[in-house]
Structure formats: C-alpha cells, structure tokens
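There are 2 protein chains.
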Amino acid sequence: MSKLYVVGIGPGNYENMTIRAVQALKDCDLIVGYTVYVDLVKEYFPEKEFLTTAMTKEVERCSLALEEAHKGKNVAMICSGDSGVYGMSALIYELRGETSEPQVEVIPGLTAACSGAALLGAPLTHDFAVISLSDRLTKWETIVDRLRHAAQADLSIAIYNPCSKGRPDHLKKACDILLEYLPKDRICGICRNIGRREESAQILTLEELKQAEVDMFCTVFIGNAMCKSINGKMVTPRGYRHV
Amino acid sequence: MSKLYVVGIGPGNYENMTIRAVQALKDCDLIVGYTVYVDLVKEYFPEKEFLTTAMTKEVERCSLALEEAHKGKNVAMICSGDSGVYGMSALIYELRGETSEPQVEVIPGLTAACSGAALLGAPLTHDFAVISLSDRLTKWETIVDRLRHAAQADLSIAIYNPCSKGRPDHLKKACDILLEYLPKDRICGICRNIGRREESAQILTLEELKQAEVDMFCTVFIGNAMCKSINGKMVTPRGYRHV
Chain A
0 MSKLYVVGIG PGNYENMTIR AVQALKDCDL IVGYTVYVDL VKEYFPEKEF
50 LTTAMTKEVE RCSLALEEAH KGKNVAMICS GDSGVYGMSA LIYELRGETS
100 EPQVEVIPGL TAACSGAALL GAPLTHDFAV ISLSDRLTKW ETIVDRLRHA
150 AQADLSIAIY NPCSKGRPDH LKKACDILLE YLPKDRICGI CRNIGRREES
200 AQILTLEELK QAEVDMFCTV FIGNAMCKSI NGKMVTPRGY RHV
Chain B
0 MSKLYVVGIG PGNYENMTIR AVQALKDCDL IVGYTVYVDL VKEYFPEKEF
50 LTTAMTKEVE RCSLALEEAH KGKNVAMICS GDSGVYGMSA LIYELRGETS
100 EPQVEVIPGL TAACSGAALL GAPLTHDFAV ISLSDRLTKW ETIVDRLRHA
150 AQADLSIAIY NPCSKGRPDH LKKACDILLE YLPKDRICGI CRNIGRREES
200 AQILTLEELK QAEVDMFCTV FIGNAMCKSI NGKMVTPRGY RHV
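Just so you know, the sequences run in chain order A and B.
Residue numbers for the first sequence, in numbering that gives the first Met the number 0: 0 to 242.
Residue numbers for the second sequence, in numbering that gives the first Met the number 0: 0 to 242.
In short, the hints are calculated from the structure, not lab data.
Just so it is clear, the structure is predicted and the values come from calculations on it, not from any experiment.
Some clues are possibly wrong.
Identical copies go unnamed one by one, so any copy, or any two together, can satisfy a pair.
[Unchecked claim] The calculated lysine-lysine pairs, modelled on BS3-like cross-linking and capped at a C-alpha distance of 30 angstroms, are:
#1 K72 to K47
#2 K227 to K138
#3 K70 to K56
#4 K25 to K41
#5 K183 to K138
Given the sequences, and given the hints that come with them, work out the whole structure.
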C-alpha cells in the first residue's frame with residue numbers, strides 16, 4: 000500500500016528539519032506543497048518530483064496528495080513549521096474519511112512558537128497559548144475572545160499570522176485588546192524569517208508592539224507577568240531558583 | 000570562546016531530533032542533563048563525556064553546564080522535548096545574567112504538544128493552550144484559573160505533567176473543572192511514551208479521561224468544540240472545506 004507522509008519541515012532550513020522528516024522526503028516519490036515551501040526544500044532534494052498549489056488552495060492540495068497516493072505513489076505533503084499546528088494533517092484525515100487507505104503518517108516539525116522562542120531567548124518556559132490572527136477561517140470575535148482569556152489567565156502568547164494582505168492592522172487591534180489587561184511595558188518579541196537568511200529577532204514593549212511593522216513572515220510573542228529582558232534576550236523564568 | 004548549546008532533543012528517539020540538535024551533540028565536548036534524558040542520547044553518542052543530575056536539581060544542573068563552559072569546554076545541555084517549553088533555556092539565561100559569556104545557543108526541539116498531536120492525529124490544528132498540571136513551581140489556583148480560561152475560550156489544550164508522585168489526582172481535578180464548561184463527550188486523547196518503544200495513543204471522552212490512569216510519561220489533549228474522531232484519529236478541522 001502506498002503511503003502519504005504529512006511532513007512538518009520546520010521553519011525552512013535543512014538544519015531545523017528532523018531526521019525523520021528528511022528520511023520521508025528522501026523515501027517518497029513525490030513532494031506536494033504550497034509553492035513557497037516547495038521552493039524551500041527543492042534545493043535539498045532536487046531529484047524529486049514536485050507538485051505545487053497556490054496559497055489558499057488547501058483542499059485542492061490535499062486532494063491532489065491523496066489522489067497521487069491512491070495511484071500508488073509514496074507522497075510527502077509538506078507543511079511549514081509543524082504538520083499539525085495550523086497545518087494540513089487534519090484536512091488530510093478529513094478528506095480521507097473513514098478508511099485507512101492510503102496509509103497516513105503525520106511527521107511533526109518545529110512550529111514557529113518553538114523556533115521563534117529559541118531565537119528570542121526563552122519566552123515560553125511556562126504555560127502559553129498559540130493564537131492566529133487570521134480571520135479567513137475564524138471569526139474575528141472568536142480571536143478577540145481568545146486573546147482576552149489568554150491575557151486574563153497570564154498565559155504567554157505566541158501570535159501566528161499577525162498580518163497579511165487585506166488585514167494590515169490586526170496586530171494593532173490585538174495589542175489594543177491586550178492593553179486592556181496588560182501593562183504598556185509588558186515584554187514582547189517579534190521574530191522574522193525564522194531559519195532563513197534574513198532571520199531576525201526584536202524585543203520591545205507591548206506599547207511599542209502596537210506601532211511595529213509586521214508582515215506575514217513574522218511571529219509575535221507576548222510575555223507573561225514574569226517575563227523579563229536579560230542581556231537582550233526575552234526570558235520567562237519558571238521559578239526554579241526559588242524552590 | 001566556548002559555547003553552551005541548550006538542546007531540545009524531542010521525545011527521545013534519534014529520528015525525531017533535528018539535524019541541528021544532532022550536530023550540536025556531535026560537536027560538543029560534554030553532554031549535561033537529567034539522568035533519564037542522558038540515557039536516551041547515550042546510545043547515539045557513546046564516545047561523549049556525560050554529566051548527570053537528578054530530577055529536581057535544575058539550578059545545580061544549569062550551573063554545572065555554565066561552569067564547564069567557562070572552563071573552556073563546549074557543552075550541550077539537553078532537555079526532553081523543546082529546550083524552551085518547560086525547558087532549561089530560561090534558567091541558563093537567568094544564571095548567566097548580564098554577560099555574553101559563555102556564548103549560548105538555544106536549539107529548539109519537538110515539544111510533546113506537537114509530537115503527541117501527530118501520534119493522536121491532528122488535535123492542534125487550531126488555536127490552543129499548553130498548560131502544566133505540576134504545582135511544584137506554580138500555585139494550583141493559577142493552574143485552575145488557566146484551565147478555566149482555556150475552556151471558556153474554546154482553546155484546544157495540551158496538558159503536560161498530568162500526574163506524578165505526590166499528586167496522583169491532578170488530572171481528575173482538572174477534568175472536573177473543565178467539565179463545568181465542556182460537555183462530557185468532548186473528544187480527548189492521551190499519549191504515552193512518545194517516540195519510545197512503548198509509544199501509544201488513546202482517544203476517549205472527557206468523562207472517560209477523568210477516570211483514566213496516567214503517569215508522568217503521558218501528555219493529555221483536550222479537543223476544542225470542532226474536534227472529532229475520524230477513523231480512530233483525533234482531528235480538529237480548521238474549516239478549509241467551508242471557505
């Protein structure tokens with residue numbers, strides 16, 4: 000029976016892929032994915048066959064991957080970051096439905112919460128929430144409600160999709176909501192292009208974050224009440240020193 | 000200048016380590032960690048020098064790693080899962096303080112939220128919270144408050160440390176709190192020994208989870224309102240099919 004791997008490739012560079020992800024990409028006959036991510040892995044596996052679809056064509060992309068696997072190919076469907084966190088694994092299971100063919104193996108990868116945190120320092124040492132500001136598939140009211148609860152619960156927050164075409168002010172709006180609960184000087188961070196050539200990290204206050212320019216290659220971190228800046232790093236102590 | 004790598008080794012097997020983590024363990028002179036995790040990597044890097052400390056000796060372990068790096072060794076301090084999420088990277092930065100010596104590089108790894116989710120199916124496709132039930136360093140009231148907010152915000156929840164010696168009923172208590180907000184038949188999951196020989200995954204309802212036996216090698220997942228069981232997998236659709 001042919002196999003469909005749903006592979007989290009991490010932030011995009013080879014070094015941050017797992018051994019298992021690399022192995023799946025070596026073993027498969029065909030790599031399917033969103034154009035930008037396929038371009039990221041193409042240089043490491045140039046001899047493979049590739050199929051790409053545009054950004055919002057998730058159902059088309061997953062159907063294509065399942066179809067090719069049904070035809071007998073071993074297929075690797077790639078996702079940036081983790082294959083689960085805002086990834087394609089759920090849609091693959093949904094579209095496959097109540098059958099076990101093709102065989103599906105979900106291969107986890109480094110999500111931006113973890114790879115971005117490592118770049119900033121250690122902002123997620125304690126309980127945290129991961130919230131996307133994209134309202135393409137989620138009502139803005141739901142997103143706002145989640146931000147409110149996360150702030151009230153003193154969870155650190157990793158914010159995905161802080162901005163994109165058509166919604167340039169989502170992060171500013173999110174900061175306004177968070178500022179109802181959190182102080183202006185709360186430590187925050189922005190990561191850009193994690194694991195790629197232009198990778199960068201910036202630490203700033205929540206007030207400053209409100210004015211910051213972000214794009215779709217950014218991941219944003221909101222510190223919890225314990226979070227501080229130590230020697231240019233964003234650090235959330237867990238309390239080991241006070242046991 | 001010598002270097003201190005803080006390395007997330009993922010769930011414990013070689014395949015789920017990143018290329019970068021493997022490289023750091025190859026490059027270093029000394030591997031420092033909690034005994035159980037050191038035993039996990041020893042078989043892959045048998046020629047290395049190792050230093051281990053007991054479970055609750057986090058400050059001692061990190062001080063030791065910094066000390067050895069100061070002496071001129073390249074040190075890899077290993078953490079299970081990610082080096083940030085409930086890991087040692089924050090404590091390393093805290094203990095190093097306002098200096099840049101030794102050079103610290105945080106290498107992210109697969110945290111149990113991602114590796115466990117992949118095992119269960121795709122429970123974390125949408126916004127989620129990561130909450131530890133360990134009250135060794137966090138007041139139980141804070142944990143309860145976070146569970147309440149996560150449930151009210153319809154966040155999926157990855158629960159770390161659902162149980163340990165001295166607090167065998169924390170998961171049961173957590174389920175009672177969640178049941179104030181969520182229905183009894185809410186889909187949940189338990190992962191055991193992720194990435195290890197006895198790895199297993201189980202899907203059950205929140206009501207059943209309350210009675211489930213868990214140990215310190217378990218990670219627990221609470222589905223959000225959209226979560227369902229498809230062909231034995233725990234799946235949270237993100238809504239791509241309804242765009």
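Structure-based check of each hint:
1. K72 to K47: within (12 angstroms within a copy, 41 angstroms between copies)
2. K227 to K138: between (32 angstroms within a copy, 20 angstroms between copies)
3. K70 to K56: So K70 and K56 pass the 30 angstroms test inside one copy only (21 angstroms; across, 54 angstroms).
4. K25 to K41: Classified as both; 12 angstroms inside a copy, 27 angstroms across copies.
5. K183 to K138: both (27 angstroms within a copy, 26 angstroms between copies)
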